[in-house]
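Work out the full structure, taking the sequences as your base and the hints as a guide.
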Amino acid sequence: MGRPKVAFFDLSCCEGCQLQVANLGEALLDVLGLVDLVEFREVMSESWEGRYDVAFVEGSVVNEESEQRLCEIRQRSNVLVAYGSCATIGGVNGMKNRKLLSDVQSTVYGDKGDWFPVTKTRALHQIVEVDYFIHGCPIHPDEFIKVLKSALAGLPYLVPDYAVCVECKFNENVCMYDKGVTCLGPVTRAGCNSWCVNNGNVCYGCRGMVSNPNQTGAEEVLRSYDLDANLIANKMMMYNAAMEQCDE
Amino acid sequence: METIAITHSGYEIKRGRIAEITELTEQEKLYRIVLPNDETLDHDPGQFVEVSLFGVGEAPISICSSPTRRDSFELCVRKAGRFTEALHQLKAGDEVGIRGPFGVGFPVVPLEGNDVLLIAGGLGIAPLRSLINFIIDNRRDFGKVDILLGARDSESMLFGGELAYWDKRIDLNFCCSVDQAAPDWQGNVGLLTGLIPGVTLDPLKTIAVACGPPVMYRYVVDELLKKGIPETHIYLSLERHMKCGLGKCGHCQIHDVYCCQDGPVFNYRWVKKIKGAI
Amino acid sequence: MTQALIRKEKLAELVTFLASRQKVVGPVPLSNGQFKFAEVSSLAEMALDYIPTILPPKKYFMPQHETLLKYDVAKGQQMEAVVEVEELTLFGVHTCDLAGIQCLNVVFSDRPKDLHYMIRKNHITLIGLECSDYCDSYANCGMLRNHLPKGGYDLFFSELEDCYMVDISTHKGESLVEESGLFEPVVFEVEKQLQTLRKAKKKIFKSEVPIRYQDIPRLFDETFDSDVWKRLGEKCLSCGNCTNVCPTCYCFDILDEPELDLSKGRRIRVWDSCQHENFAKIAGNESFREERFDRKRHRFNRKFRYPMLRYKRIFCTGCGRCSRTCMAKIDLKETINALMEERG
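Protein chains in written order, with my numbering: chain A, 1 to 248; chain B, 249 to 526; chain C, 527 to 870.
No lab work stands behind these hints: they were computed from the structure. Don't take every hint at face value.
[To be verified] Straight-line C-alpha distance at most 27 Å; calculated BS3-like pairs for lysine-lysine:
id : chain 1 : residue 1 : chain 2 : residue 2
1  : B       : Lys-339   : C       : Lys-596
2  : C       : Lys-596   : B       : Lys-520
3  : C       : Lys-601   : B       : Lys-277
All of these numbers come straight from a predicted model, not from anything done at the bench.
Encoded structure:
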C-alpha cells in the first residue's frame with residue numbers, strides 16, 4: 001500500500017494554522033516521510049485530481065461558494081479533518097453572526113456590498129460530516145501530530161472534555177484569577193496544554209466550551225471576583241459565536 | 249532521568265494469540281485466545297482480564313469460558329467504543345495483550361452442594377457462561393440448577409447453539425424470555441424478572457447469582473427476596489470501568505471498594521448497604 | 527534515631543553540598559504570593575517561609591505523565607516495563623505534605639504493589655521543615671494533627687533561634703549529616719528552645735472545625751444524603767483543580783502514545799480526576815456519578831470516610847490547597863461546618 005494521499009485546504013481564515021503545520025520543523029520531515037502530500041497551497045504549487053485519503057480543511061464557511069467547495073472536498077476525501085477554530089467552531093469569523101448580514105457587507109465592502117454575497121459563518125461540521133477536530137487558534141502542533149497519528153491508524157481521536165484548568169494545574173501556573181485577570185480556562189475544553197497561560201496570556205476560549213459547563217456555577221464565580229457575567233459571555237463570543245444557533 | 253527496565257510491574261501484558269473468532273451477532277464476537285507456551289490463564293468463573301492493543305489502549309473484558317477448559321479461554325466482545333471497534337477488526341492469528349485474571353468471581357465454593365439459580369440479562373450471559381459451563385463440567389458437585397435468561401429479542405440472543413444444549417440437558421432447567429418477540433418465536437415474552445416466580449426452589453438451599461445490566465438488579469433482587477431467598481444467598485456482578493485492574497486508578501471505585509479487586513461479584517448483603525451500587 | 531543541630535549560617539552551605547550530590551528540589555517563589563517545588567542549586571533560590579506550593583510534592587512520586595511500558599507492535603504485541611527515575615532530594619517539605627506522601631505510600635505499597643511508585647520513592651531523600659505558625663486561613667492541619675512531625679522523612683528541620691534542630695530518622699539521613707560535616711551535637715539549650723516552640727504551637731494550632739478527629743468519619747456517614755452536597759454540586763465547575771492540587775489524590779488514566787511510525791510507542795499514566803464527568807463512565811455511556819454533587823460527595827468521602835475503612839487513616843492532610851485553589855470557593859472547613867450544622 002502506498003503512502004496515504006494528504007491534502008490541505010483553506011476556506012475563510014488567516015491561514016495561520018497552515019503556518020503552524022509548515023513550522024513543525026523536524027517533525028514535519030517525519031510527517032512528510034509518512035504521507036504523500038498532494039496539495040498544500042502554502043508550501044507547494046502542485047494540485048491533485050484524484051481522491052484524498054486525508055483532507056485537512058482550515059477556515060470557516062462564510063458564503064455559498066465556500067460551502068460548495070467544502071462539499072466537493074468532502075466528496076473526494078476518505079477522511080476529513082477540520083483544523084483550527086475557524087473550521088471547528090467558526091472562530092473569530094463567527095462574530096459577524098451577531099450582526100445583520102447587510103450591515104456586515106456594507107461595513108466591509110461599502111456600497112459594493114451586493115457584489116459579495118455572504119452567509120452566516122458556519123463551522124465545517126455544520127455542513128458536512130467531519131471525522132476529526134483539531135481545535136485552537138492556532139492549532140497546537142502536538143495535537144496536530146496526535147490527530148494525524150489517529151487518522152493514519154484509523155482510530156477516533158477523543159478531544160478532552162474537561163477544562164483547560166486541568167492542564168494549567170499540571171503546568172503549575174499561577175491562576176489568572178489570582179492575578180486579577182479573567183480567563184476562559186474554566187469553561188474551555190483542554191487539549192492545548194494551557195499554551196496561552198504558560199506564556200503569560202489568558203485563555204480566550206478558542207477551543208470551544210466543554211460539553212456540559214456549569215453555567216450558574218460559572219456566573220457565581222464571576223460575581224465572587226466582581227466580574228460582570230456579560231463581559232465573559234462577550235469574551236466567549238470572540239471565538240464561539242458561530243456555535244450559538246446551531247450547536248444543538 | 250534514567251529509564252530502568254522492570255518486571256512484575258502489574259502493567260505488563262502476556263501476548264495472547266487469537267486462535268478463533270466466532271461472529272455471534274452483528275455486535276458481538278467471541279474470541280478464543282491462547283497464551284504463550286500454552287500457559288493456562290487459571291481464572292475463576294466471573295473474573296475478568298484487561299485486553300490490550302498497543303496504540304489503542306486497554307479494556308476490561310469478562311472471561312466467558314469455564315476454567316475447566318485449560319488450553320485456551322474465551323472473551324465475548326460487544327462493539328461499543330473505540331477499543332472494542334479496533335478489537336473487532338482483528339483476525340484469527342492476530343495478537344492481543346492480556347493482563348489478569350483480576351477480581352473476585354462467582355462464589356463457586358458456597359455454591360457447591362447447594363441448588364443454584366443463575367440469572368442473566370443481555371450481555372450478562374457472557375460472564376455467567378463461565379460459571380454455567382463450570383457447573384456442567386462438575387455437575388455432580390451441585391444440586392438443582394436453574395438458568396434464567398433474558399434478551400431484547402431472539403436475534404440478540406448469544407450462544408444460540410449452547411443454549412439449545414443447556415435446554416436439552418435434563419439436569420438443567422433452562423428458561424429464556426425475550427422483550428420483543430419475532431413472529432416465529434415460540435418461547436416466553438416479557439421481562440426476565442417475570443420468569444423468577446415460576447421457578448420451583450427451596451429458598452434456604454438455593455444460591456442465586458445474577459449478571460446483567462445495572463437497571464436489572466433491583467427488580468431481580470425484589471423477586472428473589474419474594475421467593476424467600478435470604479439476602480446473603482444472592483450474588484450480583486457489578487459493571488464498572490476497571491481501568492488498571494490493580495485497585496489504584498479509582499475509576500471502578502464504589503465507596504471504599506474497588507470493583508476490580510474486591511468484585512466484580514458482590515454479595516447482596518453488602519450491595520444493599522451501599523447507596524448507588526445498583 | 528538521633529538528633530543534631532545546624533547553625534543557620536551553615537544552611538546555605540548545606541544546600542550547596544546537597545546540590546553537589548544530586549538534584550535538589552525546594553519551594554521557590556512565583557508571582558502573587560504563590561510557590562512551587564522546583565530544582566534549586568542554592569539556598570537563595572528557595573523561600574523557606576512559604577505557604578503550600580500550587581502542586582504538592584506528589585508530582586515527584588507519581589508524575590503528571592509517567593511511562594509504564596514501552597511497546598513495539600512491528601512483530602506482535604511486544605513490550606518492556608520501565609520506570610523513569612532520578613535521584614532527588616526534596617528540601618523543606620512541610621509536615622502536611624509529609625503526611626500526604628505517607629498516605630500515598632500506604633496506597634501504593636498495598637497489594638498489588640505499585641512498583642513504579644515504590645522504585646521512585648526509594649530514589650527520593652526527604653528533608654522536612656517544621657511550621658511555627660499557620661501558613662494562611664485555608665489550612666486545617668490542626669484538626670488533623672498534621673502540624674507536628676509524624677515521621678515520613680529522612681531528616682526534619684525545626685527552626686530555632688540561631689540554629690535548626692534536626693531529627694535524623696533514617697540511615698540515609700544519618701549519612702548525609704556525617705558526610706556534610708556541617709552538623710553539631712545537640713545541646714541542652716537548643717532542646718529547650720524546641721520544647722518552647724512546640725509549646726507555643728500547641729496554643730496556635732487548634733482544631734479549625736469543632737470536631738474531634740475520631741468523630742470525623744461518622745459525620746460523613748451520617749450526612750451522605752445531606753443537602754450540603756446538592757449545594758456544592760450547584761457551585762462546582764468540575765475543573766478538577768481540587769484533585770490535581772490534593773497531596774493524596776492519586777487517580778489516574780492509562781493512555782497509549784504511539785510514535786509517528788505507529789509501531790513504537792509508550793503506555794503512560796496521567797493524573798485523572800473523579801470530578802470529571804466521564805470518570806465513572808462505562809462502555810455504552812452509563813455513568814455512575816453523573817451529577818456534580820455526587821462527584822463532590824465522592825471526593826470528600828474519599829478524604830474523610832472511605833480511606834478510614836481501607837487504610838485506617840484520614841486522607842486529608844490539612845494543607846488547604848483544595849480550598850485555596852477552588853474557583854467556586856468551595857471551602858473544606860466551611861463544608862465540614864455545614865455538614866455538622868445540618869446534622870445537628
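Checked hints:
Note on Lys-339 (chain B) and Lys-596 (chain C): the hinted pairing holds, with a Cα-Cα distance of about 24 Å set against a maximum of 27 Å. Between Lys-596 (chain C) and Lys-520 (chain B), the direct Cα distance comes to roughly 43 Å. Violation of the 27 Å bound is thereby established for this hinted pair. Proximity of Lys-601 (chain C) to Lys-277 (chain B) is assessed by CA-CA distance (about 25 Å); at most 27 Å being required, the pair is judged to hold.
The structure shown violates just one earlier hint, number 2.
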